[in-house]
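Top to bottom, those sequences are chains A and B. Residue numbers for the first sequence follow our numbering, so the first one is 1 and each next one is one higher. Residue numbers for the second sequence follow our numbering, so the first one is 1001 and each next one is one higher.
Wrong hints could be hidden among the right ones.
[Stated by the list, open to error] Ranges between beta-carbon positions, derived for each pair:
#  : chain 1 : residue 1 : chain 2 : residue 2 : range
1  : A       : S133      : B       : R1239     : 52 to 58 Å
2  : B       : R1264     : A       : H74       : 23 to 29 Å
3  : B       : V1341     : A       : S71       : 30 to 36 Å
4  : B       : L1248     : A       : S133      : 40 to 46 Å
5  : B       : L1044     : A       : D108      : 56 to 62 Å
6  : A       : G175      : B       : R1264     : 37 to 43 Å
7  : A       : D163      : B       : A1336     : 50 to 56 Å
8  : A       : G58       : B       : V1302     : 42 to 48 Å
9  : A       : A286      : B       : E1020     : 58 to 64 Å
10 : A       : S71       : B       : A1333     : 39 to 45 Å
11 : A       : H74       : B       : E1020     : 25 to 31 Å
[Unchecked claim] Computed footprint of chain A on chain B; a stretch qualifies when at least three of its residues, placed anywhere within it, have a C-beta under 8 Å from a C-beta of chain A:
#  : segment
12 : 1016-1026
13 : 1191-1199
The set of hints was computed from the structure by calculation and includes no laboratory data. For every residue, glycine included, the Cβ atom is placed at its ideal position computed from N, Cα and C.
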Amino acid sequence: MSAPAAAVRELRKSYGRVEAVCGLSFEIAPAECFGLLGPNGAGKTTTVEILEGLLRPGSGEVEVLGRRWGSDDHEIRQRIGVCLQQTVLSEKLEVGETVALFRSLYRDGRPPEEVIEEVGLAEKRRARVGALSGGQKQRLAVACALVGDPELLFLDEPTTGLDPQSRRQVWDIVGALKSRGRTVVLTTHYMDEAEKLCDRVAVVDHGRTIAEGTPRELIRRLGGDHVLEVTLEDGASPPRPEAFADLPSVRSARSEASHLVLTVGEPHLAIPALLERLRQGGVSPASLGTRHASLEDVFVSLTGRHLRDG
Amino acid sequence: MGDRARWRAFLALSHARLREYYREPEVLFWGFAFPLLLSAALALAFRDRPSDPSRVIVLEGPGAERVAAALAKSTLVRVEVASEDAAARALGMGRADVVVVPAAEGNGAAGVEYRFDPSRPEAGVARARADDALQRAAGRSDPLPSRDVPVREPGGRYVDFLVPGLIGMNLMSGGMWGVGFVLVDMRIRRLLKRLLATPMRPADFLAAQMTTRVAFTAVEVGFLLAFARLALGVPVRGRLASVLAVALLGALCFAGLGLLVACRAQKIETVSGLMNVVMLPMFVGSGVFFSVERFPEAVQPVLRALPLTALNDALRAVILEGAGLAGQAPRLALLAVWGGVSFVLGLRLFRWF
Chain A
1 MSAPAAAVRE
11 LRKSYGRVEA
21 VCGLSFEIAP
31 AECFGLLGPN
41 GAGKTTTVEI
51 LEGLLRPGSG
61 EVEVLGRRWG
71 SDDHEIRQRI
81 GVCLQQTVLS
91 EKLEVGETVA
101 LFRSLYRDGR
111 PPEEVIEEVG
121 LAEKRRARVG
131 ALSGGQKQRL
141 AVACALVGDP
151 ELLFLDEPTT
161 GLDPQSRRQV
171 WDIVGALKSR
181 GRTVVLTTHY
191 MDEAEKLCDR
201 VAVVDHGRTI
211 AEGTPRELIR
221 RLGGDHVLEV
231 TLEDGASPPR
241 PEAFADLPSV
251 RSARSEASHL
261 VLTVGEPHLA
271 IPALLERLRQ
281 GGVSPASLGT
291 RHASLEDVFV
301 SLTGRHLRDG
Chain B
1001 MGDRARWRAF
1011 LALSHARLRE
1021 YYREPEVLFW
1031 GFAFPLLLSA
1041 ALALAFRDRP
1051 SDPSRVIVLE
1061 GPGAERVAAA
1071 LAKSTLVRVE
1081 VASEDAAARA
1091 LGMGRADVVV
1101 VPAAEGNGAA
1111 GVEYRFDPSR
1121 PEAGVARARA
1131 DDALQRAAGR
1141 SDPLPSRDVP
1151 VREPGGRYVD
1161 FLVPGLIGMN
1171 LMSGGMWGVG
1181 FVLVDMRIRR
1191 LLKRLLATPM
1201 RPADFLAAQM
1211 TTRVAFTAVE
1221 VGFLLAFARL
1231 ALGVPVRGRL
1241 ASVLAVALLG
1251 ALCFAGLGLL
1261 VACRAQKIET
1271 VSGLMNVVML
1281 PMFVGSGVFF
1291 SVERFPEAVQ
1301 PVLRALPLTA
1311 LNDALRAVIL
1321 EGAGLAGQAP
1331 RLALLAVWGG
1341 VSFVLGLRLF
1351 RWF
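Model the full assembly from the supplied sequences, consistent with the hints where possible.
Printed below as a string of structure tokens:
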């Protein structure tokens, strides 16, 4: 790997007695899209804001574009773009004026019209910010982060609270950015977002990295690409998952409410054996489904919790 | 970053701020319409007219008719005959200025007694007028011939006193709200944090905020002054440039105070409360509506040290008396110190999020 676009080593940060980040380390390669994935309160935003130079680390090393905060602040800020979790831009300004204002703060950058076009707001160029929808405002925030032509772009929860169509539009913008060879750091608690956009993710929980790799690697580490979900009929006593762990091709088993969830390598081997085992036990399934394993399953298997549970 | 780039950023920030200003209808109301309406309303309430006749009550009883008739000859008093009870009530409520009691026939000559509150200036005037009319009716002849020549001095009316005070007040609330409120609002919206993540220089940003406030102030003051001159006939005796210079220094001073008040507040309620704590004493004590001299001697040095007092005094001196800037140096220095110290302190303590 060439010199990393950004790196943190043994990063720690506390707020009073609460430790938000406890010993985080990772490196971000140039031109990759790196995702910090975790539930709310996992320390993602704190980590990103330390990388952005807005917060000071408690301890540990932080390097951004080969430079350090505290000595090269201005130079780093010229070369990064930032989209905070929530920013309410001035409602009285027009879209074009807002992007032009941010352009004027950078030494080098891209023409505002070009960036506005890229985020799909060309028709809204003369509209007041206050008149935009939530999705349009978010794309405008991304445009403000892009107009300085950053080598490294930080997007903190860029699609939280957006409707599906707006989410897809933001994803397209990030996709276009990746194809132009820019480095993107993105935090999210949406699995599908991380799987779709990120080349590599670090799964963060309680301020620690609990897994790191490409989405495919992490899923493969579960031992199976497929997930079997069995729902039992009402009133049936919940099955003990251990009773199914020895079935052919089953890598792991767990129960969730009245579900039985099995991670399997080859569903065509596991399903007949599973049904046979259930029949022997005298219970019949109300439904049985298979799906591809996701990062959600990775998170659940690592923490026993769902991401959205927080 | 080169100076050119910094200038570009500064100008863009200032321009954006100006746009926000004039797209905000409330700003136009508080900056222009409100002081205009206030000065017009106060000018109306305290307009100068030939002084009202004094309200004199003659107590019912023997001799009342004769005394009332004698008083009625004077154009300076309005006479009414009333019972003891009604007269006492009218005096207590301020509906009568003086009560004339025709004295009993006791010691031969028909004398009178005046009942009035000597602490009320208009009561003293009423007593003198009534006495004058009665003495003349009783046959007094004045040994010294005299003649009245009415003179009206522009600049001495209440509205003339008021307008510079209103300009000062407007500079204060405009500067404090225009900078303080806006900064806290931007902090709440995380816009300050977002801007901090750009290569923008923090000092450039704050300077842009203050500059736009001051530029706006120049327009507001010019407008108010023109209205006062043309519609209310308030004289502007000093040089316009001097008036503007005093106003700009005042605006800068209060923009600095606004920055200080807003430097750490995380809520609009907090900054509003702080603003009121800072501004209310000056609304009352800095000679906006009435002269600082009305306050007891002991508190005068404190009131004189307030920035709005210095600003109002300097504005009055320049506008009404035609004073030059040099003579106002101590007041201007006081403003500069208040503004400078607030700005530096505010910058030191400033929180971006």
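Here's how the hints hold up against the structure:
{"no.": "1", "hint": "A:S133 to B:R1239: 52 to 58 Å", "result": "54 Å, holds"}
{"no.": "2", "hint": "B:R1264 to A:H74: 23 to 29 Å", "result": "25 Å, holds"}
{"no.": "3", "hint": "B:V1341 to A:S71: 30 to 36 Å", "result": "31 Å, holds"}
{"no.": "4", "hint": "B:L1248 to A:S133: 40 to 46 Å", "result": "42 Å, holds"}
{"no.": "5", "hint": "B:L1044 to A:D108: 56 to 62 Å", "result": "60 Å, holds"}
{"no.": "6", "hint": "A:G175 to B:R1264: 37 to 43 Å", "result": "42 Å, holds"}
{"no.": "7", "hint": "A:D163 to B:A1336: 50 to 56 Å", "result": "54 Å, holds"}
{"no.": "8", "hint": "A:G58 to B:V1302: 42 to 48 Å", "result": "46 Å, holds"}
{"no.": "9", "hint": "A:A286 to B:E1020: 58 to 64 Å", "result": "60 Å, holds"}
{"no.": "10", "hint": "A:S71 to B:A1333: 39 to 45 Å", "result": "40 Å, holds"}
{"no.": "11", "hint": "A:H74 to B:E1020: 25 to 31 Å", "result": "26 Å, holds"}
{"no.": "12", "hint": "1016-1026", "result": "holds (count 5)"}
{"no.": "13", "hint": "1191-1199", "result": "holds (count 8)"}
Consistency with the previously given hints is maintained throughout, with no hint failing.
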